[in-house]
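**Student:** Each chain, written out:
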Amino acid sequence: MLFGGVFSLMAVGLTLIFGVMRVVNFAHGDMMVWGMYLAWLMATRGGVDPYLGFVVCAAALFVLGFVVQRVLVQRIVDAPHEMQILLMLGVALVLENLALLLFGPEPQRVRSALAQSTVWLGPVFVDVARLIAFAVAVLLTLLLSLFLYRTDVGRSIRAAADNPYGALVIGTDVRRVYAVAFGVGAACVGAAGALVAPLLPFQPPMGLQLSVASFNIVIIGGMGSLLGAFVGGLIVAVAESLGAVFLKPSLKELVSFSLLVLILLFRPAGIFGRRAS
Amino acid sequence: MRRVAIAAAVALLAMLPLVPSVFGSYAVTLFTLIFFYGFLGQAWNIVGGYAGQLSAGHAAFLGIGAYTAALLSVERGVTPWLGMCRIIVSNTEALGGAVGYYITFTGDPRQFQFQDARAYYYVALVMMLAVTGIVAWLERRRFGVYLSAIREDESACEALGVNTFRYKMLAMMLSSFLTGIGGAFYAFYLFSLQPASVFGIPLSVEIIIRAIVGGAGTVLGPILGSFILSPLAELARYYFAQGGWHGAHLVVYGLLLIAVVLFLPEGAYPRLARLFRR
Amino acid sequence: MTSSPLTRRTFLKATLAGGAIAGAPRPLRAQPKPFRIAAVHPVTGPLAEPGQACRLGAQLAVEAVNAGGGIKSKGGMPLELLLGDTQSKPENGRIEAERLVNQGAQMLLGSFDSGSTAAMVSVAQQKRVPFLIDIAAADPITANVARSVKEGQQKVQYVYRNFPTGSTFGRKAVQYFTEIFAEAKVTPKRVALMHCNDLFGVNQSRGFLAAYKAAKPPWTLLEDDVIPWPEPPSDLSTEVARLKALKPDVISPITRPASALLLLPEIRKQRIESLGIVGPGSPGLYEAGQIAALKEDLEYVMASNPWPNFRSPKTQRLAEDYQKRSGGRLFDTNSGYSYDAVFVIADVLERAAKLDDPDAIVEAIQKTSYTAGLMQYGGPVHFNEIGDNPNAIPTMIQILKAKPVAVWPKDAALQKFVFPRPKA
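Protein sequences appear in the order of chains A, B and C. Going from the first sequence to our numbering is simple: count from 1 and add 3. Going from the second sequence to our numbering is simple: count from 1 and add 132. Going from the third sequence to our numbering is simple: count from 1 and add 1324.
Everything labelled a hint here was simulated from the structure, so no lab data went into it. Do not take every clue at face value.
Simulated DEER-style distance windows between Cβ atoms [claimed, not checked]:
hint	chain 1	residue 1	chain 2	residue 2	range
1	C	A1696	B	P149	22 to 32 Å
2	A	G50	C	A1391	57 to 67 Å
3	C	E1597	A	L245	19 to 29 Å
4	A	L134	C	R1360	31 to 41 Å
5	C	E1644	B	L144	27 to 37 Å
6	A	L134	C	A1391	48 to 58 Å
7	C	K1638	B	F395	53 to 63 Å
8	A	R25	B	L387	18 to 28 Å
Every residue gets a Cβ at the ideal spot worked out from N, C-alpha and C, and that includes glycine.
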């Protein structure tokens, strides 16, 4: 359940990128893995706790996202949609194997003093690390929506998402806005990566699995809807742990995918999605 | 100019059957896999390219086909030749708890096993050409036109009275049927089946990227894509897989993929076609 | 590039006009010509960690053979490894094997996961290239080839394996459990089996369950309450809660390295009391990195794994060398079996009548009786009618004072095991 906050944060990043640019970021999970490795580097080399270090991870991933959009995605904006998938798959391949080259194949885990402690609330025990990850993830999501709805840059991002030509007409630098949006999306997933780094062992090939998990959540919540991604993350986390209690634990991944199929059957646009007309 | 292009294509095609007698068996294996992925990409193309319905689950059809053929052959002694025809009959038993199948290597042609690897080459070549023929034929029929119309504007299509659901369904069925046949080939070419590899997303990705690189929704796109990407992967491996830099060749391959997209943003086939039309 | 085979070169030229990237020039080699071995392992993708260990093990062995004067009966012929990467995908097992054979490899070595190994078998049988499997546990890989030779569909078996098979793993684990429980004078009534739900975990747990049913030991396995988890897991708290509800005497997990990092701390956090944690096969519990990360959670944990024979000074020397070369990693199952495989090949080449005939090499393989292996064997390395080495067996190891130590069978043990584990 407490994983839900982090699930939400990574899905929010994905949905922001998709909602604004209609780009399906297949490198999303690999960006998250890089967030994890950056947190690991800071913790092992500099002794920075990942619960502080996530700010740096988010900043670094912002730059990465900004550059990917500016240098790569922007060039093929007019190409068929599926080309972007290919491009992002290429980026994912590079990110994954660079991580393998630089950090090696062993599973890593960031040690944080907090990750070891648990609090017992009566009969239920709660992991302090998960609690913090959840709280920070929710906080970041709230900050993001404040940014999108209360600042000028945020407003222009939403304007460009709604109607790029309209935004262009009123003098918005759409290319810049796109790059910022991609950067913010990547920053979300980078922060999410740093926050789970003490909880979840990670290896370079994990990216694909994380990407798929994010897609799943975003589709359940509704493509392009921030609230949908947020709620979707919580729902998937709850459904998976309930599934593990009542079904064979190994089937718990099936639960979220069944949920996906059900949602697609009854609400094709997702829980909070608007139906494209 | 266009005639020259067609003549060149036909000449190239005519040379393909000669490859095994000229080159070594490594080239034969490489070409076999190029044909195989070309075949799968083409099958995906019907749904993903023409109808514009992005299917990322094609590995599942491949997996079902592979498992059915393997199971029928291993457990019941049914030849995969037959299995390839009746693959669409989904065999639930085949999926129940099957964890990795290993097929006995016998080299018996009646069991779709060949002592000589060149036989697989010709089977894969024929499969690729046949499915390309089917797609080329469909493209000119009403079915193909409807599919492209659905891709371009589904609601307009529906407004004109086309039963879009029916055509999408038909395209999906045809595509998954063909992919299932591919699965039977896969099982008996590699002699083992692991659920993670034949049902997995990485394999779906392998199928899709070839079609996209070549140009989704064009007759020759998937094949062209397969001919571009497989050699690129091999080249990256040949020059960068030695030595202590594990993963360097995949970084290079990823960069090549990005470069291909940036240079051929509309896909290789449309670009070529434009070149020749001039 | 001068030493590249011609076919390969012409082919590349023909298909790729733009393929003129300059390759690194290779130095001219001294006579006699080296014997080339294709070493195919998954050095990228999800299995990169064990795959890289295999590759390094094989590389060190080749260096050792060459430093010792190569194959003496063949005029000091050196060995050369041609390296292949399956990227953890079966289809690459086949194409990499083909590529390296085309580059001149006369034997195949590989490939850690059973899927790509099976794909390499077809290359070995079709092209008549002797294939020594260093690691891959699935029984059918060799058994299938042996069967088709027996039934006359294939003339010669080119595939041999020096590694415990899946059924050996299960049988030996049940045997060790029984012996250790008897020695500790306990008869656990609630042994709880948990496993990762990937190919490896499912096969291991099936082998264990089958061997348990066949052996009917005095202790009791909770056969109907096996707890699997998806691999790699993101969270194991619910699985461990289930485990707690079973009130286990002994916890018996089959883990991958990544899942062990989640499982063991979770067992401690949920405060499950038991006699101890004894696994029927868990790779990666003993890596230095794992021990550093898991610390006290790993103490007293036992697992049945193929294990190097550290009583031998030769093994100890090599383990030190390996640690230096690998950046601090332990010489273990994967590096060890790949290392031994190269030495078995060297032994075969030493004895083979001639090297340009694959059948002569096979003949030498069948007559193998090699005793200088670094792993813990039950006897000399030899190959039975199926092509497997029946003396390739696992060892029970235990983490004691943050070090993995062989504790069972008795003649392999460096220390006595600590079980039941002392209460903290």
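**Student:** All the hints need checking, so say for each whether the structure fits it.
**Tutor:** Checked hints:
1. Under the hint 22 to 32 Å, the C-beta atoms of A1696/C and P149/B, about 51 Å apart, miss the expected range.
2. In this structure the supplied range 57 to 67 Å is violated for G50/A paired with A1391/C, their Cβ-Cβ distance being about 42 Å.
3. Restraint check, E1597/C to L245/A: a C-beta distance of roughly 27 Å satisfies the suggested window 19 to 29 Å.
4. For L134/A paired with R1360/C, a C-beta distance near 57 Å fails the hint of 31 to 41 Å.
5. The hinted window of 27 to 37 Å between E1644/C and L144/B is violated, with their beta carbons roughly 57 Å apart.
6. Between L134/A and A1391/C the C-beta distance comes to about 57 Å, which sits within the given range of 48 to 58 Å.
7. In this structure the supplied range 53 to 63 Å holds for K1638/C paired with F395/B, their Cβ-Cβ distance being about 55 Å.
8. Checked against the hint of 18 to 28 Å, the pair R25/A and L387/B passes, with Cβ atoms roughly 25 Å apart.
Hint violations for this structure: numbers 1, 2, 4, 5, all remaining hints satisfied.
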